[in-house]
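K.L.:
Listed below, chain by chain, are the residues.
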Amino acid sequence: MKLDPVIRDQVLATVPSLRAFAISLCGHVDRADDLVQETLLRALAHIDSFEPGTNMPAWLFTILRNLFRSEYRKRRREVEDADGHYAETLKSHPEQTARVEFSEFRAALSKLPSDQREALILVGASGFSYEEAAAICGCAVGTIKSRVNRARTRLADLLAIDSIEDFGPDRTTRAVLASGGGRS
Amino acid sequence: MRLRHNRRIGRVSGEWGMGTKGGLGDRKKMKMGKPVNLKDSMSGPGKSEKSGAKEATVQAEVMETRPGVKPGAVDAMGKPATHRKSEVRLGREVQARIGSQLRAMYDEVVKEGVPKHISDLVRRLSEQDDGA
Numbered sequence: 001m002k003l004d005p006v007i008r009d010q011v012l013a014t015v016p017s018l019r020a021f022a023i024s025l026c027g028h029v030d031r032a033d034d035l036v037q038e039t040l041l042r043a044l045a046h047i048d049s050f051e052p053g054t055n056m057p058a059w060l061f062t063i064l065r066n067l068f069r070s071e072y073r074k075r076r077r078e079v080e081d082a083d084g085h086y087a088e089t090l091k092s093h094p095e096q097t098a099r100v101e102f103s104e105f106r107a108a109l110s111k112l113p114s115d116q117r118e119a120l121i122l123v124g125a126s127g128f129s130y131e132e133a134a135a136i137c138g139c140a141v142g143t144i145k146s147r148v149n150r151a152r153t154r155l156a157d158l159l160a161i162d163s164i165e166d167f168g169p170d171r172t173t174r175a176v177l178a179s180g181g182g183r184s
Numbered sequence: 001m002r003l004r005h006n007r008r009i010g011r012v013s014g015e016w017g018m019g020t021k022g023g024l025g026d027r028k029k030m031k032m033g034k035p036v037n038l039k040d041s042m043s044g045p046g047k048s049e050k051s052g053a054k055e056a057t058v059q060a061e062v063m064e065t066r067p068g069v070k071p072g073a074v075d076a077m078g079k080p081a082t083h084r085k086s087e088v089r090l091g092r093e094v095q096a097r098i099g100s101q102l103r104a105m106y107d108e109v110v111k112e113g114v115p116k117h118i119s120d121l122v123r124r125l126s127e128q129d130d131g132a
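The listed protein sequences correspond, in order, to chains A and B.
Quick note on the numbering used here: the first sequence kicks off at 1 and runs consecutively.
Quick note on the numbering used here: the second sequence kicks off at 1 and runs consecutively.
The hints are simulated quantities; they were obtained by calculation from the structure and are not laboratory data.
It should be emphasised that the depicted structure is a prediction, and the values quoted were computed from it without experimental measurement.
C-beta atoms are modelled at their ideal positions from N, C-alpha and C, and glycine is treated no differently.
Mixed in with the good hints, there may be bad ones.
Once the Cα atoms are required to be at most 30 Å apart in a straight line, the calculated DSSO-like pairs of lysine-lysine come out as [what the hints assert, rightly or not]:
no.	chain 1	residue 1	chain 2	residue 2
1	A	Lys145	A	Lys111
2	B	Lys111	A	Lys111
3	B	Lys116	A	Lys2
4	A	Lys145	B	Lys111
Computed list of chain A residues with no C-beta within reach of chain B, every gap over 12 Å [as the list claims (entries may be wrong)]:
no.	residue
5	Ser70
6	Glu131
7	Gly142
8	Thr143
9	Thr153
Put together the whole structure using the sequences plus the hints.
P.N.:
If you want it as structure tokens, here you go:
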């Protein structure tokens, strides 16, 4: 049985977001791509269990998350990315070298406990509702809310943010403003 | 002035004496082997009013001089505040800023699209028959 082109396109449309989620979980681009590949193999092998018209992204995210938990969690020490390897890997892309201002943020994110990180990414970046995120993670909605809240607080703590003034403008701009070098 | 101190100690000892870790009640429990209400002990023998007042005042000052903790502040449970408000609840602006950085970081990867080896894999699998 060939795959319905509509379903195939839905799968392909989810891949970029799925990959971003995988990178946030794994901390390594190569490993994340392996995880995405395994997820797609498994999903397409069991495509009959997907009900057309339901939430394809949530279905794929659930498979990926479960795969990560069952197969990749044993490598947690590497995943924790204590050396900021994740940030370095992303920074190594030529088109991203200008995004140095995010490196601190990425490093802080990689230090969050994985359950808090996944909840924050699902709700804050992937665009899932609390209910969808709870279904993906297999926990209560309240648990997701709590994890997201703790993740935000921890991030603010790691980035030493006490107020919005500490967050922006970026350091270069602040330095220029502080030195009086700005032109009107 | 003395009366004012006594009132304050009575209130503080009432809260801490209920088992708050590190509180005055615990300290007295260790010394005397049983829970003691500071208010009662101060009027009893063996504990002068002056030394009791001094002890409680020092403890109160420790609480009040923590950076960012307002004197007399209490938390949501009505207990003396030991954390700055920002540690408990982030402002909306900070949350929004964290959210925007998070999305920007995520979108960097999303913008890369579908890697060729993954799109090839999906197309190959989608063309396969069950028996293939």
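K.L.:
Against each hint, give a clear statement of whether it holds in the structure.
P.N.:
Taking the hints in turn, this is what the structure says about them:
Taking the CA atoms of Lys145 of chain A and Lys111 of chain A, the gap is near 19 Å; set against the 30 Å cutoff, the hint holds. Distance restraint check for Lys111 of chain B and Lys111 of chain A: the Cα-Cα separation of roughly 24 Å lies within the 30 Å cut-off, and the hinted pair is therefore satisfied. Taken as a hint, the Lys116 of chain B and Lys2 of chain A pair is honoured in the structure, with Cα atoms around 21 Å apart against an allowance of 30 Å. A distance of roughly 28 Å separates the Cα atoms of Lys145 of chain A and Lys111 of chain B; the hinted pair therefore holds under the 30 Å criterion.
At roughly 21 Å from the closest C-beta of chain B, the C-beta of Ser70 of chain A stays outside 12 Å, upholding its exclusion from the interface. At roughly 19 Å, the least C-beta separation between Glu131 of chain A and chain B is larger than 12 Å, which holds for a residue marked as non-interface. Look at Gly142 of chain A: its CB is around 17 Å from the nearest CB on chain B, clear of 12 Å, so calling it non-interface holds up. No beta-carbon of chain B is positioned within 12 Å of the beta-carbon of Thr143 of chain A; the least distance is around 19 Å.
Its beta-carbon lying about 6 Å from the closest one in chain B, Thr153 of chain A breaks the requirement of being farther than 12 Å from that chain.
Going through the hint list in order, the structure does not satisfy hint 9, though it satisfies all others.
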